[in-house]
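A.B. asks: Single-letter residue listing:
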Amino acid sequence: QQQVKQSPQSLIVQKGGISIINCAYENTAFDYFPWYQQFPGKGPALLIAIRPDVSEKKEGRFTISFNKSAKQFSLHIMDSQPGDSATYFCAAGAHAGGTSYGKLTFGQGTILTVHP
Amino acid sequence: ETGVTQTPRHLVMGMTNKKSLKCEQHLGHNAMYWYKQSAKKPLELMFVYSLEERVENNSVPSRFSPECPNSSHLFLHLHTLQPEDSALYLCASSQDRFDVSGTGSYEQYFGPGTRLTVT
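Sequence order for the protein chains is A and B. Per my numbering, residue 1 is the first one in the first sequence, and the count goes up by one each step. Per my numbering, residue 1 is the first one in the second sequence, and the count goes up by one each step.
Some clues are possibly wrong.
[Unchecked claim] Pairs of lysine-lysine, DSS-like flavour, derived with a Cα cap of 30 Å:
id, chain 1, residue 1, chain 2, residue 2
1, A, K71, B, K36
2, A, K57, B, K41
3, B, K40, B, K18
4, B, K41, B, K22
5, B, K40, A, K71
Calculated from the structure, these hints are not laboratory results. Everything numeric in this text was worked out from a predicted model, so none of it was measured.
Work out the full structure: start from the sequences and follow the hints.
C.D. replies: Now the structure itself:
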């Protein structure tokens with residue numbers, strides 16, 4: 001129930017195309033859904049995040065679409081660039097057991113390659 | 001230094017060695033985390049410290065021993081590791097908000113990691 005399932009495992013897109021990565025969850029207690037971007041040799045960096053009270057959030061070329069009833073959310077990268085080539089992780093957050101810190105459960109990651 | 005730093009960046013150790021990983025956060029946060037990242041697996045949460053108190057231990061073997069002497073520093077002491085412990089170990093920090101609404105911060109900031117190889 002704590003799992004977050006991410007697909008695809010890898011994705012190849014041409015420059016200028018749209019990259020779409022999907023995640024699904026089961027635990028309805030999740031109330032925060034971030035996406036992290038990780039370049040080789042670096043730690044994951046927060047890219048964009050959404051709360052379940054909205055269905056979409058856009059920041060520049062990056063958009064999260066959220067479907068609460070289906071328990072799914074996705075990352076769309078518009079006009080994909082070679083510099084976007086990285087590993088992307090979705091995650092879902094919940095306060096387990098009344099804790100005050102945010103506990104994140106991560107997906108398995110998607111390796112995105114954008115060809116020039 | 002800014003953000004979250006980790007040292008060393010790479011570590012090779014034998015199964016009988018004892019070593020320590022260090023994490024330092026320069027963000028003024030009050031919670032720190034250790035994660036393990038293995039290939040083709042989700043990030044695995046190992047330990048959480050909030051206000052220097054260990055608040056979560058995710059069934060991690062005792063050969064991993066965390067220490068949080070203050071809110072800016074976090075250590076992971078390693079001893080008698082196994083080859084399957086080879087992975088990237090990531091430290092993260094966040095700012096907990098102890099308000100009654102329960103809307104604590106989920107924004108975790110990660111360090112670059114320590115690539116550990118156990119031989």
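A.B. asks: Each hint: holds or not?
C.D. replies: Status of the hints after comparison with the structure:
no. : hint          : verdict
1   : K71/A x K36/B : holds (26 Å)
2   : K57/A x K41/B : holds (27 Å)
3   : K40/B x K18/B : holds (27 Å)
4   : K41/B x K22/B : holds (23 Å)
5   : K40/B x K71/A : holds (23 Å)
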